[in-house]
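As a plain string of letters, each chain reads:
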Amino acid sequence: MSAPLLPEGAPLAATLAAALVLGVGFGFALERAGLGSARKVVAQFYWRDLAVLKVLFSALVTAMLGVFWLSRFGLLDLAAVHVPETFVGPQLAGGVLFGAGLIVAGLCPGTACVSAATGRIDGVFVLLGIFSGMFLTGLILRKFERFYTSTAHGAWILPELFDVPYGAVVAAVVVLALAAFAVAERIERGAR
Amino acid sequence: MSLRARSVLAFATFAIGGLAAVAGSSQPPLAGDEVAAVDLAGWLRERREKLCVLDARSADAFDAGHLPGARRLADSAASDDGDTVVVYADRDVDAGVADALRRQSAARVLRLHGGLRAWNDEVLFPVLRGDASAGQRQRFEARAALSRYFGGTPRQLDPGEAAGRTRSRRGC
Amino acid sequence: MSAPRTPRAYADPYVAGVALGLVLLAAFVLVGRGLGASGAFASTAAGTVALVAPDQAAASPLFAHYLGEPGPWLEWLSVELIGVAIGAWLSAKLAGRVRVEIERPETLAPARRLALAFGGGVMMAAGAVLARGCTSGQALTGGALLGVGGWLFLGVAFAAAYVFASLLRKVWS
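Residue numbers (my numbering), protein chains in the order written: chain S, 1 to 192; chain X, 1 to 172; chain L, 1 to 173.
One or more hints might be untrue.
Between beta-carbon pairs, the in silico distance windows are [claimed, not checked]: (1) R186(S) x W43(X): 33 to 41 Å; (2) V100(L) x Q136(X): 55 to 63 Å; (3) D75(X) x L74(L): 45 to 53 Å; (4) L22(L) x V127(X): 32 to 40 Å; (5) V100(L) x N120(X): 55 to 63 Å; (6) K170(L) x Q136(X): 46 to 54 Å; (7) A80(S) x L74(L): 18 to 26 Å; (8) L51(L) x I140(S): 18 to 26 Å.
To give an idea of the chain S side of the interface with chain L (calculated C-beta under 8 Å), a few residues [as the list claims (entries may be wrong)]: (9) V61; (10) A80; (11) A180; (12) A182; (13) A191.
These are computed hints drawn from the structure, not numbers from a lab.
Values in this document were obtained by computation on a predicted structure and should not be read as measured data.
All C-beta atoms in this analysis are idealised placements derived from N, C-alpha and C, irrespective of residue type, glycine included.
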């Protein structure tokens, strides 16, 4: 088990250098896909152009299969990979708020950064909004702290929730994604 | 991308995903000469005959704590000890250590997968998630019984605990 | 390299998606964590508040989280997001897509577009705080690691976006 190559406690400079390089790749791929364009992102939700779904799910599936097989061959220690925590209640509420904000703004935080970096002023305003929103939320969050920390499940994964092998969930996600791609292609052909 | 390329990509993804379902666990399978901590614990509990457990660590580490019934590798002549020899260290034992033992002895030589660390995590102090299902709880009972037999403590994890992790690992 | 005059077409979404997935996988392999975006804003806000009103910052469950080692100004996600901007600019430059403009439907006044962009940003920030991540940190990273929260957020955010899209049809048509 060699990977992660820079686990927790690795030199900060090396970790931050990796952050910069990975960020460049992330931004490059998002821009190539066209997700720095608010109209292209929003088109997803009017069934006109389903690039958001295609990019998100093909990235998710690629990384998921990579993680599974690297771990399976003993090349990646899954226990050392941080799984974002689950807070059921706050994530339900946050998901609704985020989804609404996504349509109002036309961009999500990552793609807004791409949009701003490629000259779009609306992207800059989304970033300003997010920054202001962080101030606001951070300052009033104390009043909602009980809700904010409720229904905590820590690092909780679907194989634990459904009590099935990891590989079975991986296969199910692949089937789901391929079905979604097939439907997306059909919808786009119909929309044209 | 052409339709043909898309079909090939889709089929390859389907195949790699399907193989994941066949593989099941995300953990690598044990090597042929490895034994899992829980299996070794079962053997020790049923007092399997002609089983010899060898500690490949230093004398100090051995004195500070070792597996029940284990002897130091350096002190023992493994050659005439039973027909199964299990050798362990803090983590995985080098395959070379096991090979050396095999040259001296006709016994089946196995390495404890994950070493003493796995013994502690899986046998002595197994953890049950607070949000586990009834089936998961039931299966955990067997592990808990094994843990108590060896003087360990089965633990229940309050899932909220994980929320207080170090910040550097937090995602977005 | 000189940029072509007419912007090049965007890449195939599946190819771009697989490339993005490989970057995410590289993040898991290199540093044992995924990608993100909203956390960069949270840590920067935390650092700013800590300069002006340290008590307020320490008392906030959101800001306090970013004030430990190595401090809010050396947050991993902030550095990563600087990389995102560089990578995006590089890609757009090579394809002749860098253009200063306010991207909007023709029926939407520029000032209104900017106001909505700002307001939507505020809403997304609040949502991302509650969800402990945004599309990148929770949906993509959590989703790839089969996190329950990631899939929950992905499903709810997509569903909510579709509902609000039908309510805001006039804005984006």
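Here is how each hint holds up against the structure:
no.: 1; hint: R186(S) x W43(X): 33 to 41 Å; in the structure: 57 Å, violated
no.: 2; hint: V100(L) x Q136(X): 55 to 63 Å; in the structure: 56 Å, holds
no.: 3; hint: D75(X) x L74(L): 45 to 53 Å; in the structure: 51 Å, holds
no.: 4; hint: L22(L) x V127(X): 32 to 40 Å; in the structure: 33 Å, holds
no.: 5; hint: V100(L) x N120(X): 55 to 63 Å; in the structure: 60 Å, holds
no.: 6; hint: K170(L) x Q136(X): 46 to 54 Å; in the structure: 50 Å, holds
no.: 7; hint: A80(S) x L74(L): 18 to 26 Å; in the structure: 21 Å, holds
no.: 8; hint: L51(L) x I140(S): 18 to 26 Å; in the structure: 20 Å, holds
no.: 9; hint: V61; in the structure: 7 Å, holds
no.: 10; hint: A80; in the structure: 5 Å, holds
no.: 11; hint: A180; in the structure: 11 Å, violated
no.: 12; hint: A182; in the structure: 12 Å, violated
no.: 13; hint: A191; in the structure: 14 Å, violated
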